[in-house]
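Top line first, the protein sequences correspond to chains E and L. Its first residue numbered 14, the first sequence is counted upward by one per residue in this note's numbering. Its first residue numbered 14, the second sequence is counted upward by one per residue in this note's numbering.
Calculated from the structure, these hints are not laboratory results. Note that the coordinates shown come from a computational prediction; the quantities given were computed from them, not determined experimentally. Some hints could be false.
Copies of the same chain look alike in the list, so a pair counts if it works inside one copy or between any two.
Pairs of lysine to any residue residues, derived as SDA-like cross-links and limited to a Cα-Cα distance of at most 25 Å, are as follows [stated by the list, open to error]:
(1) K257 x P237
(2) K158 x A246
(3) K197 x I69
(4) K158 x H249
(5) K257 x T104
There are 2 protein chains.
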Amino acid sequence: MLIFVGLGLYDLDDISLKGLQAIKEADAVFLETYTSVLTGTTIEQMREKYGKDLIILKRQDVEQKPEPILTAAKNGIAVFLTGGDPMVSTTHADLRIRAHEQGIPTKIIHGSSIVSAVSGLTGLQNYRFGKSCSIPYPAPKWFPKTPLDTILANLKQNLHTIVYLDIQENRYMSVHEGIELLEKLMEGSTDSIPLFVGIARAGSNSPVVAAGSSERLKLVDFGPPLHILVVPASLHEIEEEYLKNFAGYDPQ
Amino acid sequence: MLIFVGLGLYDLDDISLKGLQAIKEADAVFLETYTSVLTGTTIEQMREKYGKDLIILKRQDVEQKPEPILTAAKNGIAVFLTGGDPMVSTTHADLRIRAHEQGIPTKIIHGSSIVSAVSGLTGLQNYRFGKSCSIPYPAPKWFPKTPLDTILANLKQNLHTIVYLDIQENRYMSVHEGIELLEKLMEGSTDSIPLFVGIARAGSNSPVVAAGSSERLKLVDFGPPLHILVVPASLHEIEEEYLKNFAGYDPQ
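Chain E with its partners taken away, still in its complex shape:
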């Protein structure tokens, strides 16, 4: 059996009781570290807490050489751990399909995810979010305009946008970097984004949430990763109140 377990947002204690139980009963425990990471703990602490060895997986281990995972799932209970909620990424969907095609039963144990946590952290109402987007670190000759297009299309429809910031091996895009990349994409155009909300360390005891213009957010020290960015549409009354109370928002 192959059980996908979401570790939740930030540290060791964000996993569900059900998820922890699955780990304890597992014959093999895999941890993927390429779509998300728990910045509030370490692999050593996880090993200690679970009392299990953890097999660390990079992208190519899952996408190109998944046989060890599938073999473990054929011979016993294999648990596949991922930060947040599993399956938000295509790469997990593909692994579950491969398992199913080999007759291996699969199951998902969900975890807390930034997808819903943004509403709690910002007060921006869930049903007002449009399509989300991601900003990748630009590569030589590759600097896609898609994230900006998505944000502007949502703003036109008066919808909020979640902007995922790139996660690479030991390199996590910050709110400041994300805003700068968006500004670079807008250079020479009449497009503008009047309001941003930056979030750092969602799920921790002291997340930083700050709302304002790009100028204001550049003065905010968001601290260590993970960061995420939200571009709000025009605010409803309660959303504005919330950002004033919990994100230092000043409409003036």
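Once you've looked at the hints, dock chain L against the given chain E.
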């Protein structure tokens, strides 16, 4: 202090370790039962598991008479429990603002939510979802067309839609009811929705996930609540594979 704790999707064991710890340390524990419910457990079982009394809150207790909650939070640690992830509803945002305005520290402990779980259950990619909508039970002279408008606008932009089904006191809208209401809204028009995905009991050990035309889904027994509906846009290859494997989808 006022701590909002998300109970997660389905039963007693969907809460995070952090959330359970907060309950154990609380001086007063409130449970709201009007925006969501855990259908996989009972209030009695919760009381037993937590070793605490639970104060049950209806909508008017939170929105019109929140003083007992705020007083408890002033005098000690008050925990406010809600199914899923807190704050996805406006009513919680309002309570947190009131607490903050009275100088009461607040905190959120997130839980698993259908907002991200739909991606795992259906394989439909998170970044392809547009604005979500809800179908309410119609009242005399009140049968809003908004949910259909949202679905059709998303389809035009090739975006998936999460369709929340009404939750009332002891009355939970089913996938079948939701589809019938949408069909009623389309009567006499040329609008059509070619593909639905119905989900029942997300987060449980045996969720039902079924994809197909309205005719096919009407033949599926989804079982007890909670139900939710998704209207997919045109499917990417991996999404189609996923629905074939895990939702009995047959494109023919």
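Results of checking the hints against the structure:
no.	hint	verdict
1	K257 x P237	within (23 Å within a copy, 41 Å between copies)
2	K158 x A246	both (20 Å within a copy, 23 Å between copies)
3	K197 x I69	neither (36 Å within a copy, 51 Å between copies)
4	K158 x H249	between (29 Å within a copy, 22 Å between copies)
5	K257 x T104	between (38 Å within a copy, 17 Å between copies)
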